[in-house]
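Novice: Residues per chain are reported as follows:
Protein chains: 2
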Amino acid sequence: MRMNSLQFFESHYGQFLDELINFLSIPSISTDPDHAHDIQTAVAFIANKLSSIGIEHVKIFPTKRHPIVYGEHLKAGASQPTLLIYGHYDVQPDDPVELWDTPPFSPTVRDDMLFARGASDMKGQIYACVAAIESILQSDTLPVNIKFILEGEEEIGSPNLVDFLISHADLLKADCALNTDAGMLNKNIPAISYGLRGLAYFELRIFGPNRDLHSGSYGGIVHNPAQVLADLISKMHDAQGRVTLDGFYNDVLPLSSDEREKLARYGLSDAEYCADLGLPSLWGEKDFSPVERLGARPTLEINGLLSGFTGQGSKTIIPAHAMAKISTRLVPNQDPEKIYGMLVDFLKKNAPSTIRWELEQMSVGSPSLSDTNLPATRALMDAYKTVWGVEPALKREGGSVPVVADMQKHLGIDSVLTGFGLPDDRIHSPNEKLDLSTWRKGIQSLIHFFYNVKKD
Amino acid sequence: MRMNSLQFFESHYGQFLDELINFLSIPSISTDPDHAHDIQTAVAFIANKLSSIGIEHVKIFPTKRHPIVYGEHLKAGASQPTLLIYGHYDVQPDDPVELWDTPPFSPTVRDDMLFARGASDMKGQIYACVAAIESILQSDTLPVNIKFILEGEEEIGSPNLVDFLISHADLLKADCALNTDAGMLNKNIPAISYGLRGLAYFELRIFGPNRDLHSGSYGGIVHNPAQVLADLISKMHDAQGRVTLDGFYNDVLPLSSDEREKLARYGLSDAEYCADLGLPSLWGEKDFSPVERLGARPTLEINGLLSGFTGQGSKTIIPAHAMAKISTRLVPNQDPEKIYGMLVDFLKKNAPSTIRWELEQMSVGSPSLSDTNLPATRALMDAYKTVWGVEPALKREGGSVPVVADMQKHLGIDSVLTGFGLPDDRIHSPNEKLDLSTWRKGIQSLIHFFYNVKKD
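Here the protein sequences come in this chain order: A and B.
Residue numbering for the first sequence is 39 to 494, as defined by this note's numbering.
Residue numbering for the second sequence is 39 to 494, as defined by this note's numbering.
Incorrect hints may appear among the rest.
Since the list gives no way to pick out one identical chain from another, each pair is judged satisfied if it fits inside one copy or across any two copies.
Said to hold, decoys possible - When the alpha-carbon atoms are kept at most 30 Å apart in a straight line, the in silico DSS-like pairs for lysine-lysine are as follows: (1) 387 with 324; (2) 492 with 225; (3) 273 with 386; (4) 87 with 387; (5) 300 with 211; (6) 447 with 211; (7) 447 with 102; (8) 273 with 324.
Hints were generated in silico from the structure; no laboratory data involved.
Excised from the complex, chain A in its bound form:
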């Protein structure tokens, strides 16, 4: 029966790809209010798709911002496990749009890769789940119970998801979650991510004079807000690349030597990273390897800077204000809610009295560690061995998937976090792509997984 499902998928691959292309054509950018209508279009698309393949009780739950789509298929019976399949249908902004080789929302296949915003993060991953389940439902009965929860606010920090998890805990009751929002180690080695970094994102604004000033008429008596911002940002790291916020590392769970050894198996070399990124050399905390710094160490990043005149040519002003987008990636057991306080303390201590500052917390997400010995984890590892013929990697993820910690806390379930994105997929960047041969193997693996996870 497993073979029938795999055959159904193979013979309908072109159709699944066409559907994914339609899904990717919808610019469901969650951060930009101008795209509110596109969000509605994406919601309708995925809800209709779930209904059409036999998912039951498909429902669109409005939130304060973007809706959550739910659906279920519970015909495997109470003796079989229930999997909660998580995904997000929203995507990152597409700017700088001029750097895309083909338009971000006109999906284009080149060299068996599909280029589009959201192709890898994560409409392609949602569609992998949908294709696997549709293939089984068209050729067999589904061996386990499933529930879908698809949100539209992941790229803006899921501000309404926790409330939904709490208020719909019964509806969402499950044994385990399947989350395909992570990625492969490389094209040949699939991975399951048991460790995730959390996130706390801020906007820092420095206000100087009540207007842009002529830098000749006022230069020398006014503390330049852009300079103040640079001073503050510069003080946020020490010369060794460590974050200087008081207490920032206090709650960081140290890596065991056993885990460091295991992580070392999967890391790229400095030279490999440098070649891919076009960098003369890497940077970061000296006492940790790249794979450790990415997965198990917290960081503070400047995501954006804006002040004064930024057009062509020269304009001799002292800007009235300056702004930075600043985010921290957090690791177990750091609490994202504490970071805001640390940053406020830092600013109180370091901001000069010549200016006024504001700090806005934009989004938070908790870091997490998952049990690597869940039945679902083992079922997926077996599926990967079958399809790829290699031992999958168990890894820590540098990115943030706060829903994993949120589901631990509010639904009491762990997640199997995986996915078919590759490190060079350029998620969040121009020319995001999905490797289609990997995607195909991913769908095959998921079909195996749903059969593997069935209890005898």
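Place chain B on chain A using the hints.
Specialist: Just chain B, lined up with the frame of chain A:
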């Protein structure tokens, strides 16, 4: 006869104001190639106006970018002095345009103030000279010889002016220049500026990874270009507000105690500056007063910052690059050409090897000091005493008017630098304005000046 000229001006004031409004309606922004046609319109407007009032040999000299307008009136004879009247018909950009109460190029009179980009800097000042000369020519003969030189590149650093001065030194031969590109001390005290700061303007670009990166996937191993830029900017000043470039202060001419005493007469208090600028406190070198810091001390300013994501909401990227507009204001005897080398040395010493940097020199201008005992200076001081009834201030200007040093060097003449702009005119900022009662008195003063400067 002086009275006839003054009366002519009074009875034609409304007409001069209407003409100025037409001149200000032309968006002759020199830095923006999109406004090339507007530059041509402004050139035609002012050249036609000069011809129409009897200025002879009006000629438009093309340069590599924006033309120079010349005209002369030499009928006073060889026994009378020749004044070279300098002005610039180009204006600063109008951004951020949304902060203007009325559109920058739809000049609007409110409360006897004229709001428009260029109203104070310096189309209003050019028109003051034109109105004074027209008033005399319509009612008398011009007591002195004059030549006009009006350029269109002052706001982009006059890149083609020096070449023009050198190649047209004979045409421009004069005893002294009149330059109204400076301003009043305040509404009640006119001023002549004998000291000017120079300028050196740069764009610094930091290049990191070859694309914007997901800050989760790469945070901790990549040196963030925005952070590197902030580190570099922060190192450009020490904790005392002094610029740290090696040798930056070496050539600075110290202030004599006599000059410090004289400058102290005209300075605003810290509280007055703070009230006007909406600042909690001023900033700058501790050993110098505000008036000294503005007029006689060099500075380094950040004019703009841009990196990564700067829209609404959050985007979790490590930016591929970061950019700062950086300019220095220089005082006698600093050489702007040396500053580029100092900044390059600074970057070579301080920029980390994890990134690549580029420094582009955008424009330079020399600082200057002028003789305060010229016949033309005394003639203008007398005119001010007549019209305002007070002793005018002799001051140092914080801004840069490099043409003063350029004329010293290449034409061998000093400038009488003055003007009728006020400190709160918001030049280079939104809602630039011209105080019309001051402008009117300015034109009266210029009429007196042309009579005063005549040799017996």
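Novice: Does each hint fit the structure? Answer for all of them.
Specialist: To see whether the hints hold, each was checked on the structure:
Taking CA atoms no more than 30 Å apart as the test, residue 387 paired with residue 324 passes in both settings, with 27 Å inside one copy and 22 Å between copies. For the identical chains of this complex, residue 492 and residue 225 are intra-copy neighbours only, at 28 Å inside a copy versus 87 Å across copies, given an alpha-carbon limit of 30 Å. Taking identical chains as interchangeable, the C-alpha atoms of residue 273 and residue 386 lie at most 30 Å apart whether they share a chain (13 Å) or sit on different chains (21 Å). Within a single copy, residue 87 and residue 387 get their C-alpha atoms no closer than 54 Å, and across copies no closer than 59 Å, so neither meets the 30 Å cut-off.
Taking the closest pair of Cα atoms, residue 300 and residue 211 never come within 30 Å of each other, the shortest separation being 33 Å inside a single copy and 82 Å across copies. Taking identical chains as interchangeable, the C-alpha atoms of residue 447 and residue 211 lie at most 30 Å apart only when both belong to the same chain, with a minimum of 13 Å there against 84 Å between chains. Taking the closest pair of Cα atoms, residue 447 and residue 102 come within 30 Å of each other only inside a single copy of the chain (22 Å); across copies the shortest separation is 68 Å, beyond that limit. Taking the shortest alpha-carbon separations for residue 273 and residue 324, both the intra-copy value of 19 Å and the inter-copy value of 23 Å come in at or below 30 Å.
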